[in-house]
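Q: Given the coordinates of chain E, assemble chain U onto it according to the supplied hints.
Read top to bottom, the protein sequences are chains E and U. Its first residue numbered 0, the first sequence is counted upward by one per residue in numbering that gives the first Met the number 0. Its first residue numbered 0, the second sequence is counted upward by one per residue in numbering that gives the first Met the number 0.
Hints listed in this document are in silico derivations from the structure and should not be mistaken for laboratory results. Just so it is clear, the structure is predicted and the values come from calculations on it, not from any experiment. The C-beta atom is built at its ideal place from N, Cα and C for all residues, glycine as well. Hints are supplied without guarantee of correctness; some may be wrong.
[Claimed, not checked] Computed list of lysine-lysine pairs in DSBU-like fashion (alpha-carbon distance at most 30 Å, straight line):
id, chain 1, residue 1, chain 2, residue 2
1, E, Lys237, U, Lys61
2, E, Lys476, U, Lys61
3, U, Lys61, E, Lys315
4, E, Lys443, U, Lys61
5, U, Lys54, E, Lys478
6, E, Lys442, U, Lys54
7, U, Lys35, E, Lys228
[As the list claims (entries may be wrong)] Estimated spans, in silico, between C-beta atoms of each pair:
id, chain 1, residue 1, chain 2, residue 2, range
8, U, Glu19, E, Asp271, 19 to 25 Å
9, E, Asn366, U, Tyr21, 25 to 31 Å
10, E, Glu103, U, Thr22, 54 to 60 Å
11, U, His64, E, Ala62, 31 to 37 Å
12, U, His64, E, Ile71, 28 to 34 Å
13, E, Asp157, U, Thr22, 27 to 33 Å
14, U, Gln34, E, Asn452, 19 to 25 Å
15, U, Val41, E, Gly482, 25 to 31 Å
16, E, Lys54, U, Ile53, 31 to 37 Å
17, U, Thr39, E, Lys262, 38 to 44 Å
[As the list claims (entries may be wrong)] Chain U is nowhere near these chain E residues, computed Cβ spacing over 12 Å in every case:
id, residue
18, Ala51
19, Phe59
20, Ala62
21, Pro445
22, His470
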Amino acid sequence: MARLVILGAGVAGHTAASFAAKWLGNEHEVVMVTPNAKWNWIPSNIWVGVGAMSKEDVTFDLAPVYAKTKVIYKQAKAVSLNPDGSQTIDKSFVTIEYTGQGKEGESEELEYDYIINATGPKLNFGATPGLGEGTVMGEHTVSVCTADHAIHAAHELDICIEKMKSGSRQKFLIGTGHGMCTCQGAAFEYIFNIEHKLREEGVRDMADMIWISNESFLGDFGMGGLHFKMGGFITSSKVFAESLYAERGMDWIIGAHVNKVEKGMVTYESLDGSIDTQDFDFAMLIPPFAGVGMKAYGKDGSDITDSVFAPNGMMKVDADYTKTSYADWEPSDWPKTLQSPAYKNIFAAGIAFAPPHPISKPMKSPNGTPITPTPPRTGMPSAMMGKAVVSSIVDMMTGKTTEPTHTSCMAEMGAACVASSGKGLLSGTAAAMTVFPIVPDFKKYPGTGRDINGTTGEIGLAAHWVKHLLHHAFIWKAKLKPGWTLIPE
Amino acid sequence: MSEIKKEEVTKDHSHVQHVEPYTPQFGTMIPSGTQKFMRTCVLWQIVRFVAINIKMSVLILKSHH
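Isolated chain E, as found in the complex (with noise of 0.2 Å):
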């Protein structure tokens, strides 16, 4: 009997867990570390954060799932990996640090034939002086990575609008908050929410909306933009983002690195090198993303950290790491199996693993201050990780192979995403997007880098829905309901 270790019970971890119980079976050993007790449908997020949903909505108890299935949960954190085990255990192992089930505080070795780094990000709230400390939140602005950061920023959100409708101004200022951020998408979205729940108050003409944002352009997304058909055009997602910005009257600063965060005001250095300040009521800044800061360790007991994970603290996967220039960058530096070149029994999926580079050009203010989006691979594209990852792994426990079957590249997979504004079935629209491929391909689609076909986006009530639909049947494919499998990631 073999053991698979995955560490992280978010979209990728989960999906890789679900499939490897399914199809491992009782031969094979499946163990989820993680640190939280409950799993978070995180795109549902942004309707807790305007009060739209309930923590309930969009999360639920993990132990239960597992428990109905033969994964063996364990509510920890991973420390650090010992990939040639130590000097009184010989094989791999992982240090975790128990964080409930009443174990609080206690270690444990856990061993393992191979292991999915699926840990997702630190909330680096820490890189942004005011911002936060380390992974916690500060009090000057609020967030939605978390369903109980978004429950926070509903009731902040609340109090304006109290204020509003008693005829005091309010200024809300919503983008990101440092200038190598990524998951603009997020603040996209709930800026957009923010607006339409403020019309649905009456309130909207006692609001001012600016977004702020380490773009280069609006609409980059972390992508370099992307362009679609519409209208009898190919247009830009810079035409396509400013138009729904402008529509409803919200104003937006580009190209910009939060540096400080204080009370009612943040301070940014542009990429022109100027420094500007800009006052708010109420704030919601996205934090950079690090990896969870796991060690690695030899079996000598030295640190060989570096050897496995990236400075950033994301692990380094099978991508080309050595293309510095712009320039240089091709589609093929893109990990397709997403295993650790160090050692063939890891593999990372989802935000955990390194990118070779970001995918929107690096830019740098004349000071040096670089100020590029990083690239996204949330939602959508950790689910396929997850399970291309898995299958490999499947295929390598079960002896059809030793080497992986599956590959799950973002030079090779689209992306969909839905940015709702307002919960209403009947009211508001939303923006749905699809893109295709995730990291562009100027040598296979000239031009514009992506396939003008699979690359699309429209305006309307229909991606509400759609939002709805991926809402629900995600939770039931989580859930690990009857027909689960069918539910496509």
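A: Chain U in isolation, oriented as in the chain E frame:
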């Protein structure tokens, strides 16, 4: 631009008042009334709902390797 009183705004132009010249918003496009109607026309949106689901399904099929 000079301050415009709310009652002076022509109804058909109320949704394009954010794209004045020499503002960042000037360079973009604004949906017409017809476009806005179609975005919330239930019958048309049922058609688009089917279309979006087909597009996403094709995307998923092309993405698994």
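Q: A separate judgement is required for each hint: does it hold in the structure or not?
A: Comparing the hints with the structure gives:
1. E/Lys237 with U/Lys61: Answer holds: lysine 237 of chain E to lysine 61 of chain U is near 26 Å, not above 30 Å.
2. E/Lys476 with U/Lys61: 21 Å, holds
3. U/Lys61 with E/Lys315: At roughly 26 Å apart (the allowed maximum being 30 Å), lysine 315 of chain E and lysine 61 of chain U satisfy the hint.
4. E/Lys443 with U/Lys61: At roughly 15 Å apart (the allowed maximum being 30 Å), lysine 61 of chain U and lysine 443 of chain E satisfy the hint.
5. U/Lys54 with E/Lys478: 26 Å, holds
6. E/Lys442 with U/Lys54: 24 Å, holds
7. U/Lys35 with E/Lys228: 18 Å, holds
8. U/Glu19 with E/Asp271: 19 to 25 Å: With a Cβ separation near 23 Å, glutamate 19 of chain U and aspartate 271 of chain E satisfy 19 to 25 Å, so the hint holds.
9. E/Asn366 with U/Tyr21: 25 to 31 Å: The hint (25 to 31 Å, Cβ to Cβ) holds, given that asparagine 366 of chain E and tyrosine 21 of chain U are roughly 29 Å apart.
10. E/Glu103 with U/Thr22: 54 to 60 Å: 55 Å, holds
11. U/His64 with E/Ala62: 31 to 37 Å: 33 Å, holds
12. U/His64 with E/Ile71: 28 to 34 Å: 30 Å, holds
13. E/Asp157 with U/Thr22: 27 to 33 Å: 32 Å, holds
14. U/Gln34 with E/Asn452: 19 to 25 Å: Roughly 22 Å apart at Cβ, these two residues keep to the hinted range, so it holds.
15. U/Val41 with E/Gly482: 25 to 31 Å: 28 Å, holds
16. E/Lys54 with U/Ile53: 31 to 37 Å: Given range 31 to 37 Å: holds, Cβ gap about 34 Å.
17. U/Thr39 with E/Lys262: 38 to 44 Å: Given about 40 Å between the Cβ atoms, the range holds.
18. Ala51: Label holds. Min Cβ-Cβ 18 Å, cutoff 12 Å.
19. Phe59: Phenylalanine 59 of chain E is indeed farther than 12 Å from all Cβ atoms of chain U, at 24 Å.
20. Ala62: 30 Å, holds
21. Pro445: Holds, since 19 Å exceeds 12 Å.
22. His470: Non-interface label stands for histidine 470 of chain E: nearest chain U Cβ at 14 Å, farther than 12 Å.
Of the numbered hints stated above, none is contradicted by the structure.
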